[in-house]
Amino acid sequence: MTIRKITALLGLMSSVSAFAELAPMEEAEMESVTGQGGVYLSGELAFNKEGGPLWGATSGQFDEFGTEKQVRNCGTVSEPGECGIRIAAQLDQGGWYVLDDLSGGFSFEGLTLRTSFRETALDYDVRDASGNPVVEAFNKEVVEIGLPKTVSLNNFKFTLAVANSGEWKPNGTVLADGNTFQQTNLFGIQMNGDITLKGNLLLFPVN
Amino acid sequence: MNKKILCTFLVIAPIFANADLVALDDAVLSNATGEGLGIVLEDFVFNVDDAVTTVTGIKSSSPDGGVTDGRDVTVDWTEFYVMGEGSQNGTVETPGQIGSLAHPWVLETLPGSAFASIGDDIALLQLRSGEYTYALENTDKYAKWARYQECVYGQSGCTNANDSVAAIDAVVSRLTSDKNALEGYYSGQMVNLETGINSDIAAQITPQEQVVATQQADIAPAYDTMETAWTASGEGVVLGQKYEGSDCGFLGIGCGSGTAKGQYNATVDDYLAEVDDYNVAERELARRYQETLDSNGNSLIKRLRDYESYRSLCGDVEASNSCANGLVAIREGDREDVNSVAVQLSAGYSRRAGLDIGSKFKFTVYDEDKGAYREDFMDIDMKGVTLDGSYMKLWSRDNELNAEIRLNLYAKELNIGTCGSACNTQALQDSATLFMDNFYLSLSLGYGEVQPLKFSVTADGNFQLELSGVDGTNYEDFYDNAQKSYLYVGNIQLGNATAAANSLGSLTVDGLRATYLKVTSHDL
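Order-wise, the sequence lines are chains E and L. The first sequence begins at 1375 in my numbering and counts up by one. The second sequence begins at 34 in my numbering and counts up by one.
No lab work stands behind these hints: they were computed from the structure. Hints may be right or wrong, so weigh each one.
[Claimed, not checked] Under the rule of at most 30 Å between Cα atoms (straight-line distance), these lysine-lysine pairs were calculated in the DSSO-like manner:
(1) K395/L / K1572/E
(2) K1514/E / K1572/E
(3) K393/L / K1572/E
(4) K551/L / K517/L
(5) K403/L / K393/L
(6) K1443/E / K1543/E
(7) K212/L / K335/L
(8) K1543/E / K551/L
(9) K1523/E / K393/L
(10) K1523/E / K395/L
(11) K517/L / K487/L
(12) K1523/E / K1572/E
(13) K403/L / K487/L
(14) K517/L / K212/L
(15) K393/L / K1543/E
[What the hints assert, rightly or not] According to the in silico footprint, chain E covers these stretches of chain L (three or more CB under 8 Å from chain E):
(16) 172-186
(17) 286-295
(18) 371-381
All residues carry an ideal CB built from backbone N, CA and C; glycine is no exception.
Please model the entire structure based on the sequences and the hints provided.
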């Protein structure tokens, strides 16, 4: 399998770096740095844009070993489409929960990850004389995940389903237990465009 | 194969800023007990804006040109937002708070022993929303207040928080006067009423019910005999009618005792006699209900009615007439909560802002009558939503995923519109909208291991949700302790929200519990 093939199959990923000018810090400035810099993430994820190694949308497609891929069409008859990733989990001895045909991409800029020290918290269960919630001491370090403001979706889609086999099989395949392969698609979601996602997600231990 | 798996993975290359790691000292370490993870979303805004979301895989029941599959229903999810209260249906970006530092959502693992209804040998995972004890902030108490207030507090004509207290006082006073009237009528001797009824039922009703059952059982064989004889007689008359006059020939010889017609006529008499006996027995039973009197001349049927009313008002019947478990006590308890909220609101205290949540869908459905596709719309907007007191517990027993869920959802307003772009004025939009004020749903599904909520996938690949397990051994625990579900809507209005004539009044579904529920999907 050549590198070229791998890149063709893999989702593309590029991170955005912002290179600011570097300047030396004064001793006094250094002392005030407490090591709470945090992480700034930007990224673009793409799943199975070019189709995976197991299935082809049309017949006559071969994998890297020269074996013909199974035909699985996630588009329409007139416009065949490659299928996305399939993730299946069996939570009991019965059938499988399936996240199927996960494909497309999304990108975001400015997801921040840092810790912050919160000194106070509003306690809504206790009121002061004028009826406002009192400010109580909190004094805890919390993990603060800053949401990225905008997430761009590029043909991002998935299908939620339940099935009696973890692996996908063509229609009518008889399984080891004698049942015919059956998958019930609950619903599918397909998204395109920019969505707004703002705010801070705070995580901290509670007693 | 490894290569194949590799191909489905993706690579992330984030930029790291390495922060210093500082060792935790003993004091800090001893504080971290790791019992749960607090989760708070601060200044949260989620909005799909111009992004186009399509829901697929939903099919209509109309046949697709002879193929058994239905036609695809295209669902365009054109609007979906979660933001702070006051967003004007998601048009003004308003930060919302989900949980707060002092009242976070909590994800925790707990031993089964933390709950009476769950075995000590397992651990469970729980996600619960923030909890508030202050009446004004507690969604369950506030929703109770809102249900009696009916209107949305702060809107025009809805400024006196004590209206709800007056409303629940009226309810409590009506129930109390019903209870007092019953106690007065029977001179406070409610236990005697119960024993009197029981002894009358044992002496008068039960024996007569046995007579009725015996007489009723005699009817079917008599009917069968009659039907057999009717067939043998040549079915010359309608079944149940006798052969008479010309049917019986000269001098009635054809219906003589030895003839088939004569035998059939005799079975008709027997059958009618059995029906008659049964009617007599039923009338006697009714007479006994009416005429079995106590020493004050009260009929059994009246006493039974009064007894049932008293049981629902007071729960148990006991010598002290404490009336501790019935509707009177429940509404008096509610009155406390309603009053606490009213006092806090009247003092000018305010409740924390909730969330605005909304979605708009466009369905493109094939209309068989028109032979073309048509577009249906649904626009749901919830304003001032709070969710505290909700939880979800998950655990595994015998390799099955079990759950117990409680969802408390209060919305100041819940509006469902069904008109799309054709309704381009506010008046037109209002005319096609269902307005619900003070909507409160408290949905409880499952009760520990007595009645776990089970999600599973069947061997033929269908989704299944089951709520079962209540039987003869555990029903008392279930009825005494399992959470009930409630649905309150203070005011339901169809069309223009300001026209009083459009109000459909309020809706209450009180104390609902499912003893058995099973939902299975089927592939069409």
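Verification of the supplied hints:
As the CA atoms of K395/L and K1572/E are separated by approximately 26 Å, the hinted pair is consistent with the 30 Å bound. Annotation: proposed proximity of K1514/E to K1572/E holds, straight-line Cα distance about 23 Å (limit 30 Å). Under the criterion of a C-alpha separation no larger than 30 Å, the hint pairing K393/L with K1572/E is consistent with the structure, at around 21 Å. A threshold of 30 Å between alpha carbons decides the hint, and for K551/L with K517/L the separation of about 18 Å falls inside it, so the pair holds.
A C-alpha spacing of about 25 Å is found between K403/L and K393/L, which places the hinted pair at or below 30 Å, so the restraint holds. A threshold of 30 Å between alpha carbons decides the hint, and for K1443/E with K1543/E the separation of about 12 Å falls inside it, so the pair holds. As the CA atoms of K212/L and K335/L are separated by approximately 15 Å, the hinted pair is consistent with the 30 Å bound. For the proposed pair K1543/E and K551/L, the alpha carbon gap of about 29 Å is at most 30 Å, so the pair holds.
A C-alpha spacing of about 22 Å is found between K1523/E and K393/L, which places the hinted pair at or below 30 Å, so the restraint holds. With a C-alpha separation of about 27 Å, the suggested pair K1523/E and K395/L falls inside the 30 Å cut-off, and the hint holds. Note on K517/L and K487/L: the hinted pairing holds, with a Cα-Cα distance of about 18 Å set against a maximum of 30 Å. Distance check on the hinted pair: K1523/E and K1572/E sit about 5 Å apart at the alpha-carbon level, within 30 Å; holds.
For the hint pairing K403/L with K487/L, the CA-to-CA distance comes to about 43 Å; that exceeds 30 Å, so the pair is violated. Annotation: proposed proximity of K517/L to K212/L holds, straight-line Cα distance about 25 Å (limit 30 Å). For the hint linking K393/L to K1543/E, the alpha-carbon distance of about 36 Å lies beyond 30 Å, and the restraint is violated. Only residues whose beta carbon comes within less than 8 Å of a beta carbon in chain E count, and the region 172-186 of chain L has 0; fewer than three means the coverage is violated.
Three residues within the 8 Å Cβ limit are the bar, and the region 286-295 of chain L against chain E gives 0, so the coverage statement is violated. Here the region 371-381 of chain L counts 3 residues with a CB under 8 Å from a CB of chain E, which clears the bar of 3, and the coverage holds.
Consistency with the previously given hints fails for numbers 13, 15, 16 and 17, ordered from lowest to highest.
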